[in-house]
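Just need the whole structure built from these sequences, with the hints factored in.
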Amino acid sequence: MAEGIRDKVAIVGMGCSQFGERWDCSAEDLMVESFGEALADANIERDRIEAAWFGLSSDDQGPGKSALSLSSTLRLPNIAATRVENMCATGTEALRGAVYGVASGAYDIALALGVEKLKDTGYGGLPERTKGTFEDLWFPSVTAPGSFAQFASAYVASHGIDMDQLKEAMAHVSWKSHENGALNPKAHLRKRVTKEKILGAPMIAYPLGLFDCCGVSDGSACAIVTTPAIAEKLGGSGPLVTVKSMQLALSNGSEIGHDSWDGSYAMTTRIASERAYREAGIRDPRAELDLIEVHDCFSITELVTMEDLGLSDIGRGWQDVLAGKYDSDGEIPCNIDGGLKCFGHPIGATGLRMVYELYQQLRGSAGDRQLDAPTLGLTHNLGGFPNKNVCSISVIGTC
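Per the UniProt record's numbering: the sequence shown = residues 1 to 399.
Treat the hints as calculated values from the structure; they're not laboratory data. Be aware that one or more of the hints could be misleading.
Distance condition first, Cα-Cα at most 27 Å in a straight line; then the derived BS3-like pairs of lysine-lysine [claimed, not checked]:
#, residue 1, residue 2
1, K119, K186
2, K8, K233
3, K186, K197
4, K65, K325
5, K119, K65
6, K195, K388
7, K119, K233
8, K197, K388
9, K325, K186
10, K65, K191
11, K191, K119
Label-pair ranges, simulated between beta-carbon atoms [to be verified]:
#, residue 1, residue 2, range
12, S254, K65, 28 to 36 Å
13, G253, T121, 45 to 53 Å
14, C399, A287, 16 to 24 Å
15, G263, E21, 46 to 54 Å
16, I256, D313, 19 to 27 Å
Glycine included, every Cβ here is placed at the ideal spot set by N, Cα and C.
What follows is the structure, encoded as structure tokens:
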């Protein structure tokens, strides 16, 4: 029986570039920026890195389709390197590869790096899915905001609440993220926004307004992982940070073929989180998790995710949000770094950026946004549509 990877791998170095409209930089520049910080943080020589996993979603960028650009850009000749892509979980997928490589005993030290340079490609964030661009299936006129807006309509219908109540809760989600992002020097958007402005913003896809949607940005994030034994020898500041679990669940779209799913939640998040809790030995996530980073591509997604992770009762997530349960001073701070809402979503980097925040918080080096001695955190990615997606869950903590 599989025993999992709990505490078999430690994170000894992480780096994160400035996210934003990085017109003056290439994707390679961003890679060097995050890698340089991670290497200095780990305090190792680069030739000790034996393998790397490179997360990149788009093929319309300088780095290309293979991992050759990683090995050449970072001056890591002849190492084992693999390029991975798994929709919005691409960055976490790169980390999963590095973690599994070390946990298996194949490598002592491995690297995970994700990057995306979406601004240069003209990627507007609202692409229509057409024939031949999404697994050879045809989804005419489907956009991400339109698809996730259905979450909100289904949530209202399923739980019998008023749409105005839900919109108020969604506005709180976005307001919270901007409050948190204002304290993060690496965030793309650092301006506070009032709830009144959020509620009065132009509509994108009813009921999602402008501030309910995350933006597009450029960015890179990086992690260096090894065994706990090697990590202890390396020393370093702060407590030892280890990977407690990494789980992945993908749907095949079958849930829209019958009436067992009402469209108000993400089935994959419930499955992946249950697996992750079991692997990490978490019995009561509400009591044990100190902070979380979730995939807030839209404000409704974050709200629904609170229930799917088992942190709010079904149908009560909107009330917990309004009560401040997930604020920076709440019971379980969510997206304390500002989330996708303030960082944007450079797809290949996002998952690693989330882990970077947990790593900073767990080591007590998060600056103005530092929480009070957290020991266990979770990251969540959701890529695709509510009815057909990939969900990735990681649990990171101190020993």
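Legend entry - Straight-line alpha-carbon gap K186 to K197, limit 27 Å: Judged against 27 Å, a Cα distance of about 24 Å means the pair holds.
Legend entry - Straight-line alpha-carbon gap K195 to K388, limit 27 Å: Not OK: K195 and K388 at ~32 Å, beyond 27 Å, violated.
Legend entry - Given hint K65 paired with K119 - CA-CA distance at most 27 Å: holds, 18 Å
Legend entry - Satisfaction of hint between K233 and K8, Cα-Cα up to 27 Å: holds, 15 Å
Inset, instruction - Just tell me: holds or violated, for the beta carbon distance of G253 and T121 against 45 to 53 Å? - result: violated, 27 Å
Inset, instruction - Please work out if K191 and K119 have their alpha carbons no farther apart than 27 Å. - result: holds, 20 Å
Inset, instruction - Note whether the CB distance of I256 and D313 lies within 19 to 27 Å or breaks it. - result: Holds: the Cβ-Cβ distance is about 25 Å, inside 19 to 27 Å.
Legend entry - Given pair status - K233, K119, alpha carbons within 27 Å: Distance ~41 Å between K119 and K233 Cα, so the pair is violated.
Inset, instruction - Take the C-alpha atoms of K65 and K191, compute the straight-line distance between them, and say whether it is at most 27 Å. - result: Between K65 and K191 the Cα gap is close to 36 Å, so the pair fails against 27 Å, i.e. violated.
Inset, instruction - Given the hint that K325 pairs with K186, test it: the Cα-Cα distance must not exceed 27 Å. - result: holds, 25 Å
Legend entry - 46 to 54 Å as the expected CB spacing between E21 and G263, which holds or is violated: violated, 35 Å
Legend entry - Holds or violated: K65 to K325, with C-alpha atoms at most 27 Å apart: Violated, at roughly 42 Å.
The structure fails hints 4, 6, 7, 8, 10, 13, 15 (numbered hints given earlier, in ascending order).
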